[in-house]
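Residue numbers (our numbering), protein chains in the order written: chain A, 1 to 313; chain B, 314 to 613; chain C, 614 to 741.
No lab work stands behind these hints, which were simulated from the structure alone.
Just so you know, not all the hints are guaranteed correct.
[Said to hold, decoys possible] Here are the simulated DSSO-like cross-link-like pairs (lysine-lysine), alpha carbons at most 30 Å apart as the crow flies:
#1 K679/C to K401/B
#2 K79/A to K52/A
#3 K641/C to K52/A
#4 K242/A to K165/A
#5 K736/C to K79/A
[Claimed, not checked] Sample of chain B residues facing chain A (criterion: CB under 7 Å; computed from the structure):
#6 Y316
#7 E319
#8 T435
#9 D437
#10 A440
#11 H456
#12 G459
#13 I528
#14 I532
#15 G533
#16 Q534
#17 L542
#18 S574
#19 T577
#20 G578
#21 S582
What you are looking at is a predicted structure, and each value in this text was computed from that prediction instead of being measured.
Note that the Cβ used here is the ideal one computed from N, Cα and C, for glycine as well.
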Amino acid sequence: MKLRIGQKLLVAAMAMAISLPAFSADPIKFGVAGAHSGDLASYGIPTVNAAKLIVNEINARGGIDGRQVELLIEDDVCKPEVATNTATKLVSSGVHVVLGHICSGATKAALPIYNNAGVVVMSPSATNPALTQSGDYPNFFRTIAADDAQARTEVDFALKMGLKKIAVIHDKGDYGKGLAEFAKTFLEQADGAEVVLYEGVTPGAVDYSAIVQKIKRSGADAVIFGGYHPEASKIVSQMRKKRMDTVFISDDGVKDDTFIKVAGKYAEGVYASGPKDNSQNPLSGAAVEAHKKEFGSDPGASSMRTPTRRPWP
Amino acid sequence: MEYFIELLFSGLTRGSIYALIALGYTMVYGIIGLINFAHGEIYMIGAFTAYIVSSVLAIYGFPTLGIIVMAGLAAAIWSSAYGYTIEKVAYRPLRHAPRLSPLISAIGMSIFLQNYVLLAQTSDFLAFPELIPEFEFMEPVAHIVGSTDMVILVTTATVMVLLTLLIKFTRIGKAMRATSQDKVMATLVGINVDRVISTTFIIGSSLAAIGGVLIASHIGQINFFIGFLAGIKAFTAAVLGGIGSIPGAVLGGIVLGLTESFATGYVSSDYEDVFAFSLLVLILIFKPSGILGKDEIQKV
Amino acid sequence: MVTLNVVKRSLKVSLWFAFLTFPIMVIKADPLEGTVEWRWENLFFVALGCFVLSILSRVVAVQQEKRKSRRLAQSRLNEPLVQYILHTPRYLYPLSAAALLFTLLFPFLFDTYQTNVMTTALKSVATS
Numbered sequence: 001m002k003l004r005i006g007q008k009l010l011v012a013a014m015a016m017a018i019s020l021p022a023f024s025a026d027p028i029k030f031g032v033a034g035a036h037s038g039d040l041a042s043y044g045i046p047t048v049n050a051a052k053l054i055v056n057e058i059n060a061r062g063g064i065d066g067r068q069v070e071l072l073i074e075d076d077v078c079k080p081e082v083a084t085n086t087a088t089k090l091v092s093s094g095v096h097v098v099l100g101h102i103c104s105g106a107t108k109a110a111l112p113i114y115n116n117a118g119v120v121v122m123s124p125s126a127t128n129p130a131l132t133q134s135g136d137y138p139n140f141f142r143t144i145a146a147d148d149a150q151a152r153t154e155v156d157f158a159l160k161m162g163l164k165k166i167a168v169i170h171d172k173g174d175y176g177k178g179l180a181e182f183a184k185t186f187l188e189q190a191d192g193a194e195v196v197l198y199e200g201v202t203p204g205a206v207d208y209s210a211i212v213q214k215i216k217r218s219g220a221d222a223v224i225f226g227g228y229h230p231e232a233s234k235i236v237s238q239m240r241k242k243r244m245d246t247v248f249i250s251d252d253g254v255k256d257d258t259f260i261k262v263a264g265k266y267a268e269g270v271y272a273s274g275p276k277d278n279s280q281n282p283l284s285g286a287a288v289e290a291h292k293k294e295f296g297s298d299p300g301a302s303s304m305r306t307p308t309r310r311p312w313p
Numbered sequence: 314m315e316y317f318i319e320l321l322f323s324g325l326t327r328g329s330i331y332a333l334i335a336l337g338y339t340m341v342y343g344i345i346g347l348i349n350f351a352h353g354e355i356y357m358i359g360a361f362t363a364y365i366v367s368s369v370l371a372i373y374g375f376p377t378l379g380i381i382v383m384a385g386l387a388a389a390i391w392s393s394a395y396g397y398t399i400e401k402v403a404y405r406p407l408r409h410a411p412r413l414s415p416l417i418s419a420i421g422m423s424i425f426l427q428n429y430v431l432l433a434q435t436s437d438f439l440a441f442p443e444l445i446p447e448f449e450f451m452e453p454v455a456h457i458v459g460s461t462d463m464v465i466l467v468t469t470a471t472v473m474v475l476l477t478l479l480i481k482f483t484r485i486g487k488a489m490r491a492t493s494q495d496k497v498m499a500t501l502v503g504i505n506v507d508r509v510i511s512t513t514f515i516i517g518s519s520l521a522a523i524g525g526v527l528i529a530s531h532i533g534q535i536n537f538f539i540g541f542l543a544g545i546k547a548f549t550a551a552v553l554g555g556i557g558s559i560p561g562a563v564l565g566g567i568v569l570g571l572t573e574s575f576a577t578g579y580v581s582s583d584y585e586d587v588f589a590f591s592l593l594v595l596i597l598i599f600k601p602s603g604i605l606g607k608d609e610i611q612k613v
Numbered sequence: 614m615v616t617l618n619v620v621k622r623s624l625k626v627s628l629w630f631a632f633l634t635f636p637i638m639v640i641k642a643d644p645l646e647g648t649v650e651w652r653w654e655n656l657f658f659v660a661l662g663c664f665v666l667s668i669l670s671r672v673v674a675v676q677q678e679k680r681k682s683r684r685l686a687q688s689r690l691n692e693p694l695v696q697y698i699l700h701t702p703r704y705l706y707p708l709s710a711a712a713l714l715f716t717l718l719f720p721f722l723f724d725t726y727q728t729n730v731m732t733t734a735l736k737s738v739a740t741s
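Isolated chain A (complex conformation) (with noise of 0.2 Å):
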């Protein structure tokens, strides 16, 4: 699916590309930048898959007006102060458009540098809302709904469902916590519902009894949580081995395959919300089977995240 999005987004950036002032034959210079290495490169790698795949294509019809595609593929750790360097060193070799990147802090970082250059950015999962609702970045674009449309999602999801005691549980992460209180939002401008509890956990703890407990007590019917899917598991289960059928609603960070690996039977019954569904979609099918081909694997679970920091002194 992420295959999908990268096509999406090249479709796009050849639009604009074209729509730069063309002087001669010039190839046409496509940035590719994100985490392509370190722990989050299985988020980074799908991505430069994709745009080699498209980019071959286009390239053997002859490429865009006679123009060639280069690819500029520069890896960014997903680290903000990583991202400043990749962004120079694409605009200062003269890149004409940049797919990435794939975090939010990092795209943060990077897109002031872009701005100043003038080069048009488009990130298939930086979800942080400032980065286009603050209105300061003219040049980004992304293939993928901000936190607060998801947190918008998961509300109404849970009052359709007649779900109206919430408690609200996040990562204390950036991403986690920021979905965590536009959720919060929400519930309390609805009719009805009602936020029993909202609080933050720790990511990485050894165990989450004592918060589950807690959600037990408040009586909640449905949990909302915000964050990444290893503290999600480990919530959920605890959650069912306390024997709590509490609903469990999350976000994109949680609607991961590793989720569904990880939690085994307790991923049962969770609902997360998350980029459409296109699998089903033929031109995902087709795209899927490209990757496989040149790749020889497959293209990476569907949901994007922002990292947060690891905690090293």
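Keeping the supplied structure of chain A fixed, place chains B and C upon it in accordance with the hints.
Positioned in the frame of chain A, the structure of chains B and C alone reads:
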């Protein structure tokens, strides 16, 4: 009242988990006065070995009981091997170096081991199998305390008693105590200090492996980074209880776990760490060597 | 020199490390897919690498021992090179001038990206 008991048990479980890892820190510190920062990674390697062995056996169709025993054994064997090797490679050459050198070496070893597992295995979270089954007789209280929690509690208590007995009454225990009091004198009376230190590392590491297997099957997932986070809390527990003391490590772990659990339950989980570390500061102000620590003015 | 004894001990070391790294380096199992990947070539590389490193370290240790005893025999004051340079103005001044010149010229000699990397590196040196 039921809420209180629920929080009590969740605190005890959490505390026992910290205690299992803290025992390794405290033993090594007691003998050579070194904070073995790589201990958390030993625990992680134990969990990974158990994961790998149990996966392979499960794929080749072994019976469940066999898998549990083999995975536990393999974890203990390889963790001890790693502990032994780390001591030999990274700490022994620095035994007469300034105090900070082995400490830095330990931090380096910890980063090295994390990246070694990251590169040789994966950066993803892996689903750790539930090795401990859900016992029938636990069903009536399952909403308060699960089977795995119970196994962790019992194991920690047993391990603590066995270790105390080992150190008080056996030959090697006596040698350990002698070494911790005065290495030079211990050598003079014919104790092979190198061997005592190696044994300490082996015992500490196999405890970490037991902890790794139990905790991983409790939380159901592992990755290369679990050792760091668990290690920091376990280290805190060891300091709280008085580093170098075996009952102290267990007490420190339980106190830390209970504080966190009650802070979450009655205040907010946002402040869980604030309460835990405020307690640490308070105890260290009034009793600088920890709850059960011996009063002596020295060391890092 | 490389004696038979050194080879034997290095062989033991490499065997030990091969055993030590066996589960994590060799086996990669996925219980959900039911696949086990045996990467025996890693075992070979670990063993080979450890063997070579062990022999090297032993040879170097012997050499150092020799040099130390020779130095003791000559009993000459022996400062590290860096210390020597820092204490001798005749070398220190031209060298610092050259370093300063290089720093100033760096942005002109290399492109923006290299300069960026350098500034980031120096920044982290200054802050750490």
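Verification of the supplied hints:
{"no.": "1", "hint": "K679/C to K401/B", "verdict": "holds, 24 Å"}
{"no.": "2", "hint": "K79/A to K52/A", "verdict": "holds, 23 Å"}
{"no.": "3", "hint": "K641/C to K52/A", "verdict": "holds, 29 Å"}
{"no.": "4", "hint": "K242/A to K165/A", "verdict": "holds, 19 Å"}
{"no.": "5", "hint": "K736/C to K79/A", "verdict": "holds, 16 Å"}
{"no.": "6", "hint": "Y316", "verdict": "holds, 6 Å"}
{"no.": "7", "hint": "E319", "verdict": "holds, 4 Å"}
{"no.": "8", "hint": "T435", "verdict": "violated, 9 Å"}
{"no.": "9", "hint": "D437", "verdict": "holds, 6 Å"}
{"no.": "10", "hint": "A440", "verdict": "holds, 4 Å"}
{"no.": "11", "hint": "H456", "verdict": "holds, 5 Å"}
{"no.": "12", "hint": "G459", "verdict": "holds, 5 Å"}
{"no.": "13", "hint": "I528", "verdict": "holds, 6 Å"}
{"no.": "14", "hint": "I532", "verdict": "holds, 5 Å"}
{"no.": "15", "hint": "G533", "verdict": "holds, 5 Å"}
{"no.": "16", "hint": "Q534", "verdict": "holds, 5 Å"}
{"no.": "17", "hint": "L542", "verdict": "holds, 4 Å"}
{"no.": "18", "hint": "S574", "verdict": "holds, 4 Å"}
{"no.": "19", "hint": "T577", "verdict": "holds, 4 Å"}
{"no.": "20", "hint": "G578", "verdict": "holds, 6 Å"}
{"no.": "21", "hint": "S582", "verdict": "holds, 5 Å"}
Going through the hint list in order, the structure does not satisfy hint 8, though it satisfies all others.
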